[in-house]
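J.: Using the sequences and the hints given, assemble the complete structure.
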Amino acid sequence: MNRLWYGGDYNPEQWPSDVWDEDVRLMQRAGVTVATVGVFSWAKLEPSDGVFDFGWLDDILGRLHAGGIRVDLATATASPPAWLVRAHPDVLPVTKDGVRLSFGSRQHYHPSSATYRRYADRLVRAIAERYGQHPALEAWHVNNELACHVPRDYSDESAAAFRAWLETKYGTVDVLNDAWGTAFWSQAYGSFDEIEPPRATPTFHNPTQLLDFDRFSSDAWLECYRSEAAILRSVTPDVPVTTNFMGFFKASNYWSWAPELDFVSDDAYPDPADPASPAYAAMTRDLIRSVGNGRPWILMEQAASAVNWRTRNGAKAPGMHRLLSLQAVARGADGIMQFQWRQSKAGAEKFHSGMLPHGGEQTRVFEETVAIGEELKGLSEIIGVRQEARAAIIFDWDSWWALEQEATPSRLSYVDIVFRWYRELLSRGILVDFALPDADLSGYSLVLAPATLVLSEASQRNLAGYVEGGGTLLTTYQTGILDENLHVLLDGYLGELRSALGVKVEEFAPPAEPSMSGGPVPTLVIQGLGAGIAREWGEIVRTDRAEVRATFVGGMLDGLPAITRNTFGSGTAWYVATSPDDLRSVLDSVLLDCRSLEPASSLPAGVEVVRRGDFLFILNHGTNAVTVEGVTVQGRDAAILRSDGAPTSAASSEST
Amino acid sequence: MNRLWYGGDYNPEQWPSDVWDEDVRLMQRAGVTVATVGVFSWAKLEPSDGVFDFGWLDDILGRLHAGGIRVDLATATASPPAWLVRAHPDVLPVTKDGVRLSFGSRQHYHPSSATYRRYADRLVRAIAERYGQHPALEAWHVNNELACHVPRDYSDESAAAFRAWLETKYGTVDVLNDAWGTAFWSQAYGSFDEIEPPRATPTFHNPTQLLDFDRFSSDAWLECYRSEAAILRSVTPDVPVTTNFMGFFKASNYWSWAPELDFVSDDAYPDPADPASPAYAAMTRDLIRSVGNGRPWILMEQAASAVNWRTRNGAKAPGMHRLLSLQAVARGADGIMQFQWRQSKAGAEKFHSGMLPHGGEQTRVFEETVAIGEELKGLSEIIGVRQEARAAIIFDWDSWWALEQEATPSRLSYVDIVFRWYRELLSRGILVDFALPDADLSGYSLVLAPATLVLSEASQRNLAGYVEGGGTLLTTYQTGILDENLHVLLDGYLGELRSALGVKVEEFAPPAEPSMSGGPVPTLVIQGLGAGIAREWGEIVRTDRAEVRATFVGGMLDGLPAITRNTFGSGTAWYVATSPDDLRSVLDSVLLDCRSLEPASSLPAGVEVVRRGDFLFILNHGTNAVTVEGVTVQGRDAAILRSDGAPTSAASSEST
Amino acid sequence: MNRLWYGGDYNPEQWPSDVWDEDVRLMQRAGVTVATVGVFSWAKLEPSDGVFDFGWLDDILGRLHAGGIRVDLATATASPPAWLVRAHPDVLPVTKDGVRLSFGSRQHYHPSSATYRRYADRLVRAIAERYGQHPALEAWHVNNELACHVPRDYSDESAAAFRAWLETKYGTVDVLNDAWGTAFWSQAYGSFDEIEPPRATPTFHNPTQLLDFDRFSSDAWLECYRSEAAILRSVTPDVPVTTNFMGFFKASNYWSWAPELDFVSDDAYPDPADPASPAYAAMTRDLIRSVGNGRPWILMEQAASAVNWRTRNGAKAPGMHRLLSLQAVARGADGIMQFQWRQSKAGAEKFHSGMLPHGGEQTRVFEETVAIGEELKGLSEIIGVRQEARAAIIFDWDSWWALEQEATPSRLSYVDIVFRWYRELLSRGILVDFALPDADLSGYSLVLAPATLVLSEASQRNLAGYVEGGGTLLTTYQTGILDENLHVLLDGYLGELRSALGVKVEEFAPPAEPSMSGGPVPTLVIQGLGAGIAREWGEIVRTDRAEVRATFVGGMLDGLPAITRNTFGSGTAWYVATSPDDLRSVLDSVLLDCRSLEPASSLPAGVEVVRRGDFLFILNHGTNAVTVEGVTVQGRDAAILRSDGAPTSAASSEST
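Line order of the protein sequences matches chains E, G and Z. The numbering used here puts the first residue of the first sequence at 1, with every later residue one more than the last. The numbering used here puts the first residue of the second sequence at 1001, with every later residue one more than the last. The numbering used here puts the first residue of the third sequence at 2001, with every later residue one more than the last.
Treat each hint with caution, since some may be false.
Quick look at which bits of chain Z chain G covers, simulated, 3 or more residues with Cβ under 8 Å [to be verified]:
1. 2182-2188
2. 2198-2209
3. 2398-2410
4. 2489-2496
Hints listed in this document are in silico derivations from the structure and should not be mistaken for laboratory results. As the structure is a prediction and not an experimental result, all values here were calculated from the model. All residues carry an ideal CB built from backbone N, CA and C; glycine is no exception.
T.: Shown next as structure tokens:
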């Protein structure tokens, strides 16, 4: 398609057919190019077991095609019908407390259900065979937000699948016993049959069991995708297949998912009330581009304005919907889709905004819908353009799962820590890739590895080799503490990274919890680089060869290193043993080591600058006008500069 | 009876019989006229299946009668005995997670249990036949606080009853599918058999299923009442029947309950530590009078001092028990009863105060018990006197249930919003009725309809007609958004009210949650009427004909209407699109439109003035003396003025 | 043994055998005298049903013996193997909601399981027979922290055991009905068969049922201990048997446990981040010494530095591990053991510190391990020395359980209240015993009985008799409200204590909850002794003969007594009806009544002074140097003075 995707989920089955013609007319007015159809249509497509009714969908697809709207056709497997659940309650998910969930919302099935898979596959095949040659068909959309409400299932059927997964992974139970460290707390297994999912227990679970169950659960859901995709591909080898991701979604390791998709797509619902949302959204776009290995992707769902599932759901202020849309394009998206086209009048999401709201055409939301469609038309040349980042942040689901387990040194948030570092790069206009710790990093001038708790020996060596080969690496506390089985890297942690960093970590010493003191938040004091306070972390570090760039002051850490720098081979390795409030000065110093990284200036607060191919996007998420690169951009406005200097669609911005 | 009811729950079975004579003596001393007997006596009346023991109760009733105490005789069905539960565990309630609750507290049965109903009916008949002609019998007291601990039951038996209720309501499953909007999320049902209660699900339930389950649950409990009442009436057609309500109790729609009661009675436990309690109690009394269609009612339970079920249970300060008692009489009560007569010495409520406390006769609580009894004697002329209010507030359980569902624009409290408006009327001494939105409102000069989320077309028309006919209506945000099936009223919300109000509502835009900002509470700013800040709500309103009386300042709502006023027919309709801190000035302006409402002056804080027939009650809930209507009333004291000007029992007050 | 125990849990099964020799070498370097072996070895000792493998343990015990390390040998019953649980899921515990917990952590069995008990007994016998004559054997260590994760079990098997326990206690169900007050809420039982544990119910449980279930649960776990101990004693009558307590552990009434142990041992994990930890630890040591009737005891577990189960786990600052170790010795310990010797490299406690940390020998933690070992060598003469306290605090599990039940006047913390009074004695250097309310108190000059809610008639008389005989008693609000069946002591509470105290308590009137006011924390104001504010409690007290030493000011308690003093017989009895912030002045006045108590001076903050035999310990938990008894002690340092004036091992302290 020579146009950016623009449109949304389209659920005509919720409306009488006389609305359908108006839908096509208004989609045309809004510049809609693609509609996602059928996501929750199972009950309507198969009203009883094995009886299919495609007539209405034929009608819809015909109307859309006639109107020039392409179709992202869903497999409709996201919500099995009532008759199926009633006949086969074994499809229902079970919580860790043993509660079997009920029909009445959505995603009421578990991924290891053979029954569910059999019915879903039959439906997918029927849809593929009926619509595989339809002229409106642009892509297949498998299921919907797989795993979102049932990240893990504890049913007996999932337990059996978990055991099979473990047997495939470990081969013998002795290997599993070693990996899980079952000598601790008398947990040795005599056979795979004895193993259960980590259901409710008297106290802390075996950590490796937890981690393997996280890995298994991600894989089990991925299997649902793969099963559908295989059928679709067997029927229509040339039609691309996707499923919609959910950004930083803990349950699904998208590094393993993305290679299975013909193109990656993502759903994003930043909270309009949170001032950090634009930065967080930028980080999410970069993750999604990265897991897809740099391939352009589709923003498959966002809200035109409010959502309805927070405790308080603010509207998107005028301009915000546009800015977040342009941000996605700037960070690699080839399409901007919304949930949903027409706001529902009934059901659990009727208060979730639509491109066409309850109020109809004469509303500010629909006016923005039209304006965004118009603007995206002018950006068609960007389709397919890839970006090269010179900086990377290590992001790994294993470390995420492990860092946030029970029974750790401190309750930390992996994504929060990563985000703090990401924002420092964002505020300097530096494009960031995310990468696995064992990825080829040689193309990056700078690699950050914050709180990368889990490092296999290969990853340790990869990071050390990156430094040795001339790279600049910054890593932090809670990195390289554990190997891939969550066994401690003894004698100073960090494993093979120790020599690159020139330090050993001896002991963790975070400050007291805010709740403990009863008074002001307990902090550590840092002098030198990043001088000021730290609220989350301190530890005892012993330097070997490393240069000390900051030290702790006072308390039991008095005089000990807080930040160190070490040259190793042709590169430099920084270690940050704390969580300074002032990351800015730290990164400024680190960037001096990255000669090949383009000089980075600090941008005004709330301003984002991204280049994608010939387009330079200046996005002002703030409410006041700013001047950047010689261009004045109003509050909540954007400028898009072409390489030849001509402004594009940014009507309201002006060169100075 | 020519005396106000005064007394309390009397549970002699908890005490040796030598205490019983002292009880009668002290009741006489305290001016007790009525004792509620037998509420939790099932196990003692029917110690094993079908074996009844009435001897002790004969004795008790005889002693009470001899002492001149009338009896409100309970049916004893509130707590089935252990033998019944052990033999029939199917009577036990089941939570939404599938946990079957156990014996060991009270109300351990669910309302749809055929077994429970069979046993309860047998007991009720036995009691009715034995005591129906007893000379002490004043009234029948069915069960106790129906639904209080088991507002909803999710057992299979209740599921079947729910299905039957739905079939009765909808006739065919297609009608239900339309009403519930099951086209959303693939929830269509092929038959009623497929439907379950809203048990634990992966995510948000179908909203109409939730609402219908709320309605069903209210009805199921009402059926328990009706079943008992029918037996009682068949045996004793002339003895009045009641059951004790619980004020603003969300689970039971008392509008549908109250017509089934010969007289309404209510339990009220305002927190003595909460300064808002007297106002909240006033509101509750007005609700109870209103659901009973203005009939005098009985305050069936209150505490003489502390309760025992809050995390901290303060005592009622001297005077507070009296004031809350007089307040009930002032607002329509013909009786003041307490839980309970003699404070228990064992069991789960032993720390709940009694009229006769652990400390015995020589206590300040018993002294107040005696004094209140004495004072009530002087108010006998008020019995049966009804009151006419000129102002009404719409209060509807459908809107309550719907507004506080999952997946709404914002987590709001219906009763809190209603209470904020109620207090404005209270502080001006304006008596308030509550009314359903489809009630005849023609007698009211002013009708407030705050956050009346659900409006059927009939209700929309009723409210619009009220304005057209000359009434003054004030309504607020989150009114008329949904119809009775929770389908959105499209094209501006408000339905038939739009033309009366002269506005359309385009989009909701509440301020950010306090938790989001990390700093001060986010607010909206209003100028004009109600100038200042709003913490809970803002939205985009478009005026048609309405006059704008306040606007938002700053942010995305800058310059948009916050409060509007519209003349329509012979009346006036106000729309308040926000939640100003300053409601006072808003109501002052609205009252200018209500010419027939008696001029309302603002009362000192904590002072309540109510007229009932010839009696004018001036209640000072504050701790400092005030002068109102020329009468000085001390802190926590009351003055009761007769129409002829003579002070009644308010011994400690004095005319100035 | 002529050396203090010093060492820790030793889990060699988690490590390859080549680590074992290094372990012995480093234990010797650290002065380790005892290792606790086998606590979680069941799966390794009995890898399948009835197949025992002792070879590895023979090896370990041999190496330890050769290295001069004595062995505290565990019975390994704390964590049943996977094969056992898989074959017998009936051993698994069940929650009050009916959830059967799973294998995968530890303590996954319930104490009433006949299956568990049969398997455990077989294992214990096998271990006892194999190692009973082993030359390294110093003591038997039964199970581990019995009840810690499963304080109560609600399985059907436990229900049956509960019924049997009740039948033994009450004989007939009529006696139980009286004791439980089942006349309340229609709870009468017709037979023991009808009784269940207090599982999830619609509302508050029967209080006496709750209390009896607490008592039963403590006894059920004690039975596990007794069963194992009986086997051990039958095989090795001369080897002492212990199990490790957990300080103020609510689920286990250690007064009934301790007499069953040959010596008491205790696990203690004060939070290093909490400034109150040293005082709380002191209180715990005194409790443990007291439940053992003054016998020296073993600190069986503490952490060398951080634990891993709080949400944030701080390190122990340098010196803290030593100070807490010396504190235990000063308060009666004959041994200082740690969990664990070598920090784990895998499993759920790998982040729990060890004597030998992940970092190995060259770490500050191991250096402290060695230094403490060295210092303890110099204290061997203290072994077996007992201490005499002249002050006692009443501490009773019945009151603990009852005070913190549902449906009480206020949510109070028994231990918090006790701790507030304890700290007043601690800060004056007064050694405290804890005692039961019916214990012989004649040896004490001062007895405090804070919030001793439950007092049997015997206990009431015992306390009154103590005063009459010349003692000084201070008691507080919420004392003597209930008897041992939780029946109210009518007519003023306090029972037989009323005359000793010269007061009656009429009514409770705590201030409002902080959450209620929305403003500053509500308080009561006191004048006189303890003048200032109180945050938790007030009440109406009527004095009889007592002298009023403080009164409430303002509010409903204005002018009423807050603190009273009464002479009774030869003694004095104080009643404190409130919770003054200033307890210091209160205790100063009370101490004037205790002539035989040695003059108590106030110590600097954070400083603890304790005498044990010839040794005077001055422990400075603060961070600044202090001078006490003429000795200057640095921050986080200690001085140990011999009676002959010679300083002992306190190398870093100096006489002034």
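J.: Counting residues of the stretch 2398-2410 of chain Z that have a beta-carbon nearer than 8 Å to any beta-carbon of chain G, does the count reach 3?
T.: As far as the stretch 2398-2410 of chain Z goes, the hint holds, because 5 residues have Cβ atoms under 8 Å from chain G.
J.: Taking 8 Å as the Cβ threshold, is the statement that the stretch 2198-2209 of chain Z is covered by chain G upheld or broken by the three-residue rule?
T.: holds (count 12)
J.: Can the stretch 2489-2496 of chain Z be counted as covered by chain G under the rule of three residues or more with Cβ-Cβ separation shorter than 8 Å?
T.: Result for this restraint: holds, n = 4.
J.: Is the listed coverage of the stretch 2182-2188 of chain Z by chain G valid when you require three or more residues with a beta carbon under 8 Å from a beta carbon of that chain?
T.: holds (count 7)
Every hint, counting from the list given before, is met by this structure.
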